[in-house]
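K.L.:
Just so you know, the protein sequences line up as chains S and A, in that order.
Note that the UniProt record's numbering gives residue 127 to position 127 of the first sequence, counting from 1, and the numbers run on in steps of one.
Note that the UniProt record's numbering gives residue 123 to position 123 of the second sequence, counting from 1, and the numbers run on in steps of one.
Keep in mind that the hints were calculated from the coordinates and are not lab data.
Ideal Cβ positions, reconstructed from N, Cα and C, are used throughout, including at glycine.
Any given hint could turn out to be false.
[Said to hold, decoys possible] Here are the simulated distance ranges between beta carbons:
id	chain 1	residue 1	chain 2	residue 2	range
1	A	238	S	7	26 to 36 Å
2	S	95	A	235	41 to 51 Å
3	A	218	S	87	45 to 55 Å
4	A	249	S	149	46 to 56 Å
5	A	205	S	135	21 to 31 Å
6	A	214	S	126	37 to 47 Å
7	S	10	A	72	18 to 28 Å
8	A	218	S	8	22 to 32 Å
9	S	134	A	13	28 to 38 Å
10	S	7	A	89	32 to 42 Å
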Amino acid sequence: MAEKDEDSLIGYDPLAWMHRSDSNQDSQRDDVDELESHAASAFASANAEVPGPEMNHDEVPIIASESLTSEQGERAIVVLEPVLNIQNVAVLHQRLTQMLSNFEAIDIDASGVTMIDTATLQLLLILKQTAIGLQKSISIDFPSDKFIEASELLGIAEMLEVDQAASGFF
Amino acid sequence: MSARIVAVLNQKGGVGKTTTSVNLTYALAKLGKKITVIDFDPQSHLAVSLGVVDPQKSGIDKVLLEGVSLTQQLIPVRKNLNLVVAGPRLQEIEQLMDGGARRGDLLRKALLDGNRDEDFIFIDCPPSSGVLVANALFAADEILVPMTSDYLALQGLSHLMGTIKKFESALKRPYKFSLVMSRYIPTRRISKEVLSVIQKYFPGQILATTIRETALLAECPSFGKTIFEYRPGCRSARDFTALAKDFLEGRMM
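Chain S with its partners taken away, still in its complex shape:
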């Protein structure tokens, strides 16, 4: 949590990230064409036929892959794999915690998620809260219908800022 003046009625300052991110603005170089291409592929990915929950987990990479992580200045992008459950949550926790210590902001692409359990959702929620405490940012981008449904069922969609957000265009 941000420091609080003793007499202030404002505790944690939710806008604090803005001053820090100003210096990183130039690191983002997307143009409209890239936006359309990215958005189209994201939507295609969200709608693509992906393995269902009955799949053989041994054959599927379950966690965020390093190879799918791109870095833009102090920002990292993580693409979540389709099936996320308690068997893999510890590894995911380790990876995301490590990334949080290395980057100012993490964008988590949840477009391909077809199954996510409460353990993973709780991990993401804790990660987001931890990031706030560190005055860093975590955003869930392109949440799939299953991701939104699961987070709403657990009642944490708002806390995760998971809505069918305009950010889904990116």
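Starting from the known structure of chain S, fit chain A onto it as the hints suggest.
P.N.:
For chain A alone, coordinates are given in the frame of chain S:
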């Protein structure tokens, strides 16, 4: 078309988007500016506030979904002030799944069409952050964010700024951005502190006049009247007249 396109935007509800859209556009129209205001919220509260209550009347929904020209959907509601209602099918835009980012570009293209002579086009956005808001952000040159002076509104503003920065980065153009303090209660300490925090992050971007909370502003929509028509000369009407001048002259805190 050289109209300035202004999105009145805040994904948080109850911050005064529609009240600002109704009364600021009316005040600007009274000052001689030609205004088109688009009700971009499927709840149609803007239209109701201006006395247009037919829920089946088509509007911007038909423009976006069927390609009808915007000019055809203009309703002259006051002198210098045209309204485009939401229409019963506007919510369908949120469910559009095909077309990638192109589904976010429908409004921008619609506004380019036609030879109208407005000075300003205002878009009264819904309290959400979905496809409709994306359309408004693709189309807008300027963003006007009504903001209440409570802590949760500050939290909401943080989320909104994240979205706006992503659009600015992707579109490679900065928005002209301003805030209006609405529903302001000057006697509350939290109001002053929230305003102070906002001033720290948005220097020179907060319109100089605060719109103070009054019961009259809550009453006038049910009569389909602006505050100027409901209680001419009242404190809120004076606030909005001053705000309109701030807006035109770029007077900021």
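K.L.:
Hints numbered earlier in the text: which of these fail when held up against the supplied structure?
P.N.:
Hints 2, 7, 10 contradicted; others consistent.
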